[in-house]
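A.B. asks: Chains as they are written, first to last, in our numbering: chain A, 61 to 717; chain B, 198 to 336; chain C, 162 to 338.
Simulated from the structure, these hints should not be mistaken for laboratory data.
Computed from a predicted structure; not experimentally measured.
In this text, a Cβ means the ideal position worked out from N, Cα and C, and glycines have one as well.
A couple of the hints might just be wrong.
To be verified - For lysine-lysine, the following PhoX-like pairs were computed, each having C-alpha atoms within a straight-line distance of at most 20 Å:
no., chain 1, residue 1, chain 2, residue 2
1, C, K282, C, K215
2, B, K221, A, K591
3, C, K282, C, K220
4, B, K221, A, K666
5, B, K263, C, K290
6, A, K486, A, K472
7, A, K401, B, K263
8, C, K290, B, K273
9, B, K234, A, K472
10, B, K221, A, K600
11, B, K234, A, K574
As the list claims (entries may be wrong) - Over the 10 Å line for every Cβ pair with chain B, so calculated as not near, a few chain C residues:
no., residue
12, T165
13, S219
14, S234
15, A237
16, G299
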Amino acid sequence: MIPSIGELALILAFILAIIQGTLPLVGVWKNQTTLMNLAVPTARAQSLLILISFAVLMYAFYANDFSVLYVTSTSNSQLPLMYRLAAVWGGHEGSMLLWVAILSIWTIAVTIFANNLPDSFRIRLIAVMGLVSVGFLAFILFTSNPFDRLIPAALDGRDLNPLLQDPGMVFHPPVLYMGYVGFSVAFAFAIAALLDGTLDNAWARWTRPWTTVAWLFLTLGIAFGSKWAYYELGWGGWWFWDAVENASFMPWLVGTALIHSLAVTEKRGAFKVWTVLLSICAFSLSLLGTFLVRSGVLTSVHAFATDPSRGLFILLYLVIVIGGALLLFALRAPNVGLGEKFGVVSRESFLLANNVVLAAAAASVLLGTMYPLLIDALGGGKISVGPPYFDAVFVAIMAPGLFLMGLGPLAKWKKASIPEIGTRLKLAAVISVVSALLVPSVMGKITLMAAVGVFMGVWILSTTLILLQKRITTKQVAGASLMDNLKAIPLAFYGMLLAHLGVGVFVLGVTLVKGYESEQDLRMEVNDVAKIGDLEFTFKGSKKVQGPNYTSSQGTFIVSENTKEIAMLYPEKRFYPVQGATMTEADIEPGVLKDVYVSLGEPLEKGAWSVRIYIKPFVQWIWAGCIIMALGGLLALLDKRYRIANKNPNKSAQEAF
Amino acid sequence: MKKLIILTFFFTHFFVAAYAGQAKPISDDPALEARLKAMSQELRCLVCQNSTLADSDAPLAEDLRKEIRTQMRAGKSDQEIVDYLVARYGDFVRFRPPVNNATAILWFGPFLLLFVGGFVLYRVLKKQAREGDIRAKDE
Amino acid sequence: MNRTLKFLIPLALFLVAVGFLFKGLFLNPREVPSPLVGKPAPTFTAPILGEAGKKFNSKDMQGQVWLLNVWASWCAACRDEHPLLMQMAETKRIATYGLAYKDVDADAQQVLIAMGNPYNKVITDADGKIGIDYGVYGVPETYLIDKAGVIRYKHIGPLTPEVLLNKIVPLLKELGV
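The task is simple: from the sequences and hints, build the whole structure.
C.D. replies: Laid out in structure tokens, this is it:
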């Protein structure tokens, strides 16, 4: 009975979303307050109903209700509770419900925090969010209903894919979707502004915090996914340029560009058309990602069982939402005025140059992802575009962008001079060049890639720190302490510094792990010792371990460095009987300078095993860099200039009179 | 009795000592293995489709690795071996698509976009700079 | 460029992309066409199942149109196409040779005893070497080879009546069989 409540809630939400997406728009157009006033209550009720239906589905998983088809196909009574709850988004239907559930969280947030906007703009914003919701709810109800019943109920479920039975499954999808779906708010701001004709500096200021929150979540979501793949797949890879990874990476690149162009638009009211286009693109790429994963047009490890009618439905939705948005853009953009002017060399121009780089980078990812489909559709047969392509093209395009990152923040607003920036950066250049030569030789092998990568990483870190120092000295108040000077700097500035430092840390991590990781395939008998550099691995044999829903062979390894024991590692080979799947669970001793990564291969005769040992220098810096970037986003959000909830402008106007 | 204990101690210790050894590489030719690894990381496993030939456990991947080893021992160059695979499975096996007319946009499009984008931006800014008086703003 | 037209570029690009996505919905990303179609079939000599000591030489097939059906006893999908192969065998229209791919002889024979033998001969490819030469990546696969020894058609996955009627039979007619 309970699952029907979930379905009913979804149907009601669908109806309310239609009202939310249409009548208030008519209200603004005809200036009818009654209709306009529908926006907030319908939005909240709609969102609440979706959350109820999500909770109902979660309860069905909790209670092992195998009369629900979806529960039967992705869960099992033996599955530990944590994974049963995460199994809610372990399949297609539930992922879609998670998508709208997160959209409803964003919708509620907009109705609460976006109260500082002019009424007509706010109503349009909420209505556009409603329209986005309508499409997805229709998709769920008509093609992917997670509440479809199974009569008679199954005795037990077919289990969650063992690959997904991991704490990563609990956090990665919701956080990633928070980012993905969060760009819908920036999108709705853009559409509302185009409808309203109020594309101005204020619009950019309103959009910024929402974009930053979405970007922050997306950054974390991608980082979690990467970390998860790193320890779960058993061979220490952390990024594969898989279609689905690319689908989350493209909105990130465009979102990053958007954050920077919003800065220019807010300051100068310039490049509004470009900024609004980026807002549309960021969310469009999120939707495209959803299409790519759900329709099965691309081969991907992430693709669930697919169905062309679903693909057709999403495609239709894309055409309406993105096509409609771009059409509106084409109609309204010619009337958008130009903003203030600024110099060819200025902070603004550097920010926009960054946009060119990020857009080209996103285009390379998009091309690489779609090209096999393109060639196939044109009858050119099947080709593959994989890591070697992206490593070559994407990296080559990003490199100048990373270099500019060092220059841009030091340029003055409106008009800067290159010689002046140059003198500011002499020290950074020296430090970076020295590191580029020194670090690779310390690591044992000098290669061009490593030298360039280290240069870029150190360049970003050193220029960012110089920026902080300059900021303190140019703005300091006579007699004020260092602490006071530091406090006087707005949080948004620290946010930028931190995000840039994060990129530097990330670049160093990627460079060093790519350049200096090592791998050994060994045959180890009990008590065998493997020496790799200063490290010694002693295999103490394996034993059978019984897990909650699997059996496992668990190896024991003693790791010592310069004869001092530093870790015990217990890699496992697990067998999940319900799906008949074998999984490799590596064990890792993480460290600031290197990770030691051991995974079991196959059992050999007499208790011996084939064993893979990886040394991954600085690999943790990759995720640390992402977390630092996200923290930068958080600081920027806390800046009082961007407090999402502000005083009501209508009221302050009254006060002014 | 005591003698027996000592003897047992001696034997168990002796055996453990004899048993503990250096772990051996799985392959007897690590250099070849490294070459195989480097090469197979750019090749697609056809059965599992999204993993590389290097990282796949599928039986066909194992067979193909074996075939590549044989050909490497026979003195074939990397290019010859890749050609051998492409002749059988098509360009689909290569994660690095060949550069040809059909892939020109793929390989050069992004760079073209970078240059055109940079050029357009420069033009717009230059035009702007000619039109107005712009002063630096320190902040 | 006209000012308004410029702003239509994003929409135009998007619509082109939609066109490709739409087309993509009807393509199978898992099916990899063989570059061997239209090329001479790789030649091989291999043992014949159940005929100890005898060898099959693919060169002996010159002058004949024949099907090479790659199958295995461990392949579940191969059971799906087996009845169809049996029906085809009854018509005696086309010589069909089985390639027992990476199989154990006894297991392969077991299947033929249980389900019937639709093949003129079954060739064994225990180490999968012939399979690699033919670019086999998923069993079952079926190759149509003409009198000159050229591969004219390859089907990946179990044969279906549709494939037989729409692809193979017209080709056979064209080849004069």
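A.B. asks: So which hints don't hold here, by number, going up?
C.D. replies: 7, 9, 16
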